[in-house]
Structure formats: C-alpha cells, structure tokens
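Residue numbers (this note's numbering), protein chains in the order written: chain F, 43 to 182; chain B, 1005 to 1423; chain Z, 17 to 511.
Treat the hints with care, as some may be off.
Listed next, the in silico BS3-like pairs over lysine-lysine satisfying Cα-Cα at most 27 Å (straight line) [to be verified]: (1) Z:K343 / Z:K354; (2) Z:K354 / Z:K123; (3) Z:K256 / Z:K431; (4) Z:K305 / Z:K256; (5) Z:K256 / Z:K123; (6) F:K123 / B:K1238; (7) Z:K305 / B:K1238; (8) Z:K431 / Z:K490; (9) Z:K490 / B:K1238; (10) Z:K102 / Z:K354; (11) F:K123 / B:K1392; (12) F:K80 / B:K1238; (13) Z:K490 / Z:K100.
Covered stretches of chain F, as calculated for chain B (at least 3 residues, CB under 8 Å) [said to hold, decoys possible]: (14) 59 to 73; (15) 90 to 103.
Since the hints were derived computationally from the structure, they do not count as laboratory data.
For glycine and all other residues, C-beta sits at the position ideal for the given N, C-alpha and C.
The chain contents come next:
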Amino acid sequence: MSAREFTCVVCPNGCSIVVEVDDDETPVVAKVRGNVCKRGEEWARQEVENPLRTIASSVSVSGGDFPLASVRTTRPIPLGKIRDVMETIRQVTLAAPVEIGDVVLVSPAGCDTEVIATRGVGSASRDVRRAAKAKGGMKE
Amino acid sequence: MNGRERIPAEHRSVVVVGGGPAGLAAAIAAKEHGCDDVLLVERDHILGGILNQCIHDGFGLHTFKEALSGPEYADRFIRKLRGLHIETAEGTIVLSLSPDRVLEVSTRGALRRIEADAVVLAMGCRERTRGAISIPGRRPSGVYTAGAAQNFMNLENIMVGRNVAILGSGDIGLIMARRMTLEGARVEAVFEILPYSSGLPRNIQQCLNDYNIPLFLNTTVTEILGAGRLEGIKVAQVGSDRAPICDTERFVPCDTLLLSVGLIPENELTREAGVAIDPVTSGAVVDDRFMTSVPGIFSCGNVLHVHDLVDWVSVEAAQAGAFAAEYAGSGRRTAERTISVVPGAGVRYTLPQALSGDQACTLSLRVQEPWRDRSVVVTDNGREVARKRMMRLHPAEMIRLDIAVEALSGCSSLEVSVG
Amino acid sequence: MVRMYDVLVVGGGVVGCSVARELSRFSLRTAVLEKELDVGLGTSCRNSGVLHAGFNYAPGSTRALLDVQGNRMMDDLCRDLKVKIKRIGKLTVAFDDEEVAELHRLKEQGEVNGVPGLELVGHDRMQTIQHGVEGVLALYSPSSSIISPYGLTIGLAENALANGAHFHLGQRVTSIASQERGGWAVTTASGDRFSAAVLVNAAGLFAADVCRMAGITEHEIYPCRGEYYVLDRRLDGIVKTLVYPVPKKNSPGLGIHLTPTVDGNLLVGPSAEYLDDPEDCACSRDVMKDLRREAHHLMPEIHVTDYIRSFSGIRAKQTPPSVGGNKDFVVEDRKDVKGFINLLGIESPGLTSAPAIAAMVRAMVEHHLPLAPNPTFNPVRPGSALLFSDRPAEERADLIAQNPDYGEIICRCEKITKQEIIDAVRNPLGARTMVSIKYRARASMGRCQGGFCIPRIVRILRNEFGWSTADFLKRSTSSPLFVGTVRPGGEGTER
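Just chain F, with the same shape it has in the complex (with noise of 0.2 Å):
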C-alpha cells in the first residue's frame, strides 16, 4: 500500500489530489481523497491505473519550405507506449505540400489514435532550391 500525490489538472481549482494504493504489479487503486468533483476522482484513478497522454513530435518532409512538420496523436495513448509510438514517428519522410490534419500513422504500436500533421509545409519555392545549390560563402 502507498500513497502517490497529484495536483489535479481537470479544472483550475487544482485539487491536491491523494491515491492510496495498492502495489502489486498493476497499481489499484483504493482509495481517492482531495477531490472535490467526480471528475478528479476519475482523473486520479486514470492517472493511476493507466495514464493517457497526447504526444507531439516532428517528421521529417522532402522538398518542403521547411523540413518538418509538426504531428500529433489525436487520442491520448497509453503512458508506456510513448517511445514505442515516437519510434515509429522518427521513420516517417512525407513528400511536400503536407496540409494541416493529414494523417501521417493509423494505429501506430498498435495504439487506437491516429498521428495527423499539425502544421502545414508548402513546396519548396524554386528560389529556395536554387539558393540552397549556390556555395558562395559555404565553409570551405
């Protein structure tokens, strides 16, 4: 049996948030205390049991007028499937134009979300191109 701490995020009044726990190999919960609402208690519990999260991160794109676009999950995902899902997030290469809310992973890990792009990257300008060719003044 432990006790964990939580500053509850729900609502601004940010209840301090008590978990008495019961530790075996998954955490349950036993009792909620702090809360003033229903919905801390639920959060608390969650947060215990299994905690969710939204993750953003970046893919690489080609031949864009820049060279990542910024993605996210659209549902919150498992706490411990975070590193299995930016794994999967790091092998993406999206070709230019990405327009906002293209979906870029179903299900990555096996997690029920999509990743969609969150920002826009347009063509490369041609002047861009050319400029990147020209050396004048490149490190020798």
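Given chain F's structure and the hints, the job is docking chains B and Z onto it.
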C-alpha cells in the same frame, strides 16, 4: 524621423502590429466590428507567431473545447482571417511608431509610411536571457533560451544538445524538457529559484514526472563552465533572500543549458510612441477598451502582459480589436476614464488600470504568492464591489474576474486584493 | 610546404592588424598568424573602446609618445577604414585637495606629452559638459574618444588583406626557430610551416610565450581581468562625456566607470583582478555584484532590466599583483635576436597606440628589409561605418527598392537587415564563426541577445549558403552550436 515627408504616406483605418494569436484575433474582431480597412503587419514570413513552434497540445481548450497544437490553433484564426479578406503584410516589420500613429514599416522591396486611425499593438514578448539574470561564469556555446531551442528543434530540425539542464520551471522550459527527452536527449534536471514552480501543474506531471526528470526548487545556477562548448554548471540552493548558499553548491555535468526564466513584453515601439508603461507588467497602461495613454493606440496579448493561456490572449485581443475599430469608425472618440484600478494586498498587478464605468469589464490579475481557499476582493474606497472565491491562487496562473456594469456605478477608485 | 614571407606577424589583435596594414603600404610579403578563427577575438574585442588622450603617462615614456600619436592618427584612419568613432571628450573629476593637486600635475604632464586642448574646469563648466557630474574640479580632455574596438581591428585587417597582406586564421604558433641563413622558421599547432626574415611578436597575452619560443626569457605577462556589464540602449544619450575618477596610484586600472559605446550602449566597468589563466574570460558573482552596485551609484536611473550582458577582457600586464601599477610598453627591435620585433605588455592604451606602434614597427622593419612602396596600396576600405538603419529614410527607401534584402530585418533589436548579415557572412577574411557575424553586422548584440535573430541567421546560412549543423561554431572549433538534426536530412542543400 529623417526624410519622413519624402516617403509618401498611405492611410489605413486600423493597423495591427503582429500576426501571432493576439494580432490575428484583433484583426478579425476589427473587421467583424465594421472596419473594412484593416492591415495586419507580421515580421515573420508566416502568420501565427510563437504558436508555430509550440507543437505540443493544450491550446484552445476554452475557445474550441479541443486540445489543439499551437500551429492548429493559429490555423483556425488564419483561415477565419483569410475568409474575411483581411489584408496582411508578412515579412514586414514596424521600425517606428509616432504618437500621432504614423508607422515606418520595412518590407522586402519597400520602405512604407502608414498613417493609421487606430493601431493595435500585438508584438508579444521576448525571453529573458542569461545577461538579464546575470549568471556568472564563462561564455561557452550550448546556453540557449528555451524558446530559441524550441524554434531550432521544431522549425529548423536542429538538435541543440544531448545532456540538458534547465533553469526555470516556466511552461516553455517544462515543455522543452519533455520534447528533448522524446528526441533522445537526457534531461538532468530542472532548477527553479522560487519555492514553487511557475509552470502549470499539468506540465509538471506530464513533462517532468512522466519522464522522471527531477525538479529542484529553491535552487539556481551559480556558474557556467566550459571554454568552448558548455561542460557543466554549478547549482546551489538559495536562502529566503534568493542568494545562493555556498556550501550547497554542486557540479552538474551537461552540454546544454536551457533558460526558461521569464518573458518580457516587447514594448520598445510602445515606449517610442510615448505610451505610459506599467512598471510591474512592463506593458502599457490601458483602460477597459485596451486603449493606452496615447489616444488611438491599443495594446493586447503578451505585449500588454504575459499570459499563461493563449485562449485568454485571443479573448482579450478580440476586445482590443473591436474597440480599435470603434475608435477608428467614430471619428476617434475616446471614452472618459472615471475609475482607477490599483493592486492591493497580495496582488502583483491588475489590468486594465483604468475604467470608463460605462460597460462591464473583466479584470486580469496575478497574485504575489500561492494561496489556497482565498478570495479576490474588489473594493471601492473600502466598499466591496466584487468578490471571487478560489480554491487555488497561484502567481503562475492569471486570474480573470468579471465585474458587471451595475457594480461600477458610483465607483471612483478600485483596489483589488486577496482577502 | 613552407609558406615564405618577408614579415610574419604573430597575433591578429588590433596591434598585429595595425602592423599588417601599415606594412601593406610596401611591397613586402606580410602575413598574420592568428590562433583564433577571426581577428580581434582576444583583448581587442573585450575592452572599453576608449581612445585615451595621453595625460596619464610619464613624459618620455613609450606609452605617452605612442598614445598621443595614435590618438592623432585616428580621425583619418577611421574615415578611411569606415570605423565608428566619436570624439566625446573626458572629464577626470577631483573631489578633494589631494585630487585637485593631482589634476594640476596631470594637466602639466599631458601638456608635456603633447595632449591637445587640456583644460581645468570648475563645477559649472563641468555641468554644461556633462549634466549631473559631481566634484570640485575636473580635467577636460577633448581628444579622449570612443571607438568600435572590433570595428577598428576588422577594418585594419580587411584593408591590409585588400592591399596584399595574408591572414592565416586558426594558426596557433607552437615553435619558432632561427634559420642558419637568417630569418625565422615558424610552426603552428596544425603542423603548417612558415618562414620570414622578420618576426613581429604581437601576441598580446601570449607575447611572453612567443618570446620564450625565440629564446627571450626576461619577459613575463600577468593576466589581469576586467569585467563589464553592457546596458540597454534605452539609456543612450544620458552619458555624453567620459567621466573618470582621478587614477589611484598603483591601481592596475583606471577604476570602474560608465563608458558610452559608439553603438549607443553603456558599459559599466572594468574591474581589475589578477588570474593565472590568460583565457579565463569569465564573469564572477562578486565582481558582478560590485559592478551593479557601482552602476546604480553612478546612475540611479539604471533599472534591473537594463543589464543585457556581461563580459570580461584580460589585460596583458607586465607587473605582478604584488607590484601593481603599470610598466611601459615594450616596443623593441631586438639587437641580440636579429629580426625579432617585440611588442609586449601592450595593455591600455594599446587600442589608441596601435597605429603609432605600427608606424614605429615599419621604421624597425626598414632596418632589415628594403621598403619599396606598394604601387596599388589603397588606404580606403569600401562600405560605410553606418548601420543601414542609421542612414536617412529616403536613402534606405532607395536601397530597399534596389535590393529587397535591405528591407528584411533579421535582428529586430538592432534593426539589422538581411543584406548586412549576408555581407558579414561574405567577409573578405573568410571568418565563419557566429561571433564573426556578430562583430561585423552587430546582429545579436541587442537586448534579446540573439534570441530572435540567431535562428533566422542560422536559416539564412543553411538555406542560402549551404551550411550544415556541424558548420555552426560560436567562436572556436571547440564551441559547436548544435549537435545534429532532430530527423535525418533537412541539412542545407539536401532540402
């Protein structure tokens, strides 16, 4: 200004300076409140401001009831702006602003002079630097403000370091702790000179605790070491006077130090225009129409005072934009300021600093230190006008308090305090 | 391969660059060996940027002679090299009888040294020169001035280069040997070899080390650090004249004071602290605290947000802390070591003296080598001393219309344009560090300290000059800015 007359002036009704969340909302509101001649000036090549690099989620919970990333939040406003056919000038910077609202504007290919009926200042803020907080030591590479590191990572595809220490537990620092961890860096710790974090509890949990990154309160960086690249820092606990306690000093090896030590509203243009500045917010003194001490110049968003939630930036800026349109369309009629508002016990600042008394208003304020179960009380010469009971009051969280127009009748001098 | 020259100058500070520029008037093969990746990165970029009038130095001393001469040469030099200079004058202020007596002595001494326009001024006259100055009597020296110290060093180097001098950057001299047939063989840390008939030791803090390499053992350099704060340009214009206390006997410096810079900042400092490491340009907690206290005392309107940066520079002193004070400059053509011109202990007023030192070195070189005029020598460096934003509006409008890159502001605090960044990147010396860009374009020297412009400069360098993340160095090869990319690709030309 030299040769000012020689560059022909354009005339505009409302010019919005800055295309971040505040500028976008202000321009949209100005148009929606009947001003057909709105120009939004943005120094970057894209609109959205700092939101473009804030790829984490959590934006728009109040406005859209969704947890959007920064670029998505900006995109909602940019689409609306485009739909309203509001003219924008990207890659354009305002070099100077005069008290009679003449702007000198530089853009690729042209130096422009614009005379505006109303100007909305929405330039945002900048980060405090190492120099501003006087960290002793050498000057190696590898010391970045958290926002600059975020820009490099999220917009330029650049990793600034591998072994990271973070000074300051503001939200940007916390967000970067998680971001760098997810990209394979090792974040040694976050150090905070105050006895409490200045970040949101959600970010403490999800950016630090989730990744077992320790947060050391009452601790600061006392020295930066390294002749070339950063080799490490010395940290020490601080006493109640916030001075380091020598025998607690210890060495933390790292190749990168991120500074998340506060934001400063960027009011150089504002000062140049002769606008009165509040020494506590470092932003303009405004009335309940967000008009500054210079008629026709309005201020909103982080250039007015540093916010913690973008949603409130948008709300505030929309009001400022609407009032700017009203001012420009009414033959520049100003409302009389009849009520002063000052911070009282326990309140660091309150805004606006003056009210007309002819409309309901929302006060924005921050408390000086954390409290639980207290009230924010507004009094007029000792008589209670409004009160808001709160379970949690925290300096890192801006408090908004609505006052009905009826409550303001007969008031002359409001004081806002923690009671 | 040995690169052969007539004259090798060891050290690319303001003294070495002055010598190279002076020698480029003649048909000589001259080269500068500089250990850093740019000129002027040592003491030359880390000082008050003050040109001294020359009344503080004993009559007949080398310092007195060179300072007064150098000061006199600066107007023409700065005009030709496009370097910012402001002749703002200085008040040295006395508070008691003892100091008043000292002022009278300094005035007489200055007049013997040939300092122009010295004047003792009473309280009222002091007030008209600089409002708010306290004190009973002041010595006014109109030839005291401020200058951009790195601007001067870079200007000298670029003009020397344009007139045929060579600059070898990143070349730390590790050995010096006299050759049998005369002259010197020099090896650097990278293994490169050079030779020359005449060697000029302008190695600043390392001048005694260079001496020892050549077998000269009697010199010692004691590094003495001075720390400064840089204040926001908000305070520009308040300090119109340099104001110094009467110098204290045996003090290693001239005392903490406020110095305006040609760019509109104020400096607070310098402190004076002896140390062992000649490269330990750190700032220390205690000194920083003292400087803040002193600054507030000197100017109560300084706000805590006005401190935008601190830095330190190191004086190459010949006197150990136990002795204190100053020793005269060593400017000598060694009789015992043929072809070794020694410039050592050039601390303050080294910046002022540099052009006069160079003229003296030229006369010494003439004893060793015939000096035929360089027929193509052009003393004028192209460009302007002014920043783009300091030019009149109509001129800017015309230039922006011709070149859109002048219309794009990259550094918002100092209003530096994209074209100015590009010019800095394409500097003729080929210096490619971030501080090289900073000292040339002034970008990142404002109140946000590069938070805004450095990401934008990085973007320009990657997209338009093809730099990759590994190419970005702050100051030296050991100070990389970045460790790689977040995702593969996206580097420069790959995009």
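Results of checking the hints against the structure:
| no. | hint | in the structure |
| --- | --- | --- |
| 1 | Z:K343 / Z:K354 | holds (25 Å) |
| 2 | Z:K354 / Z:K123 | violated (40 Å) |
| 3 | Z:K256 / Z:K431 | holds (23 Å) |
| 4 | Z:K305 / Z:K256 | holds (25 Å) |
| 5 | Z:K256 / Z:K123 | holds (22 Å) |
| 6 | F:K123 / B:K1238 | violated (35 Å) |
| 7 | Z:K305 / B:K1238 | holds (18 Å) |
| 8 | Z:K431 / Z:K490 | holds (22 Å) |
| 9 | Z:K490 / B:K1238 | holds (22 Å) |
| 10 | Z:K102 / Z:K354 | violated (41 Å) |
| 11 | F:K123 / B:K1392 | violated (42 Å) |
| 12 | F:K80 / B:K1238 | violated (45 Å) |
| 13 | Z:K490 / Z:K100 | holds (25 Å) |
| 14 | 59 to 73 | violated (count 0) |
| 15 | 90 to 103 | holds (count 8) |
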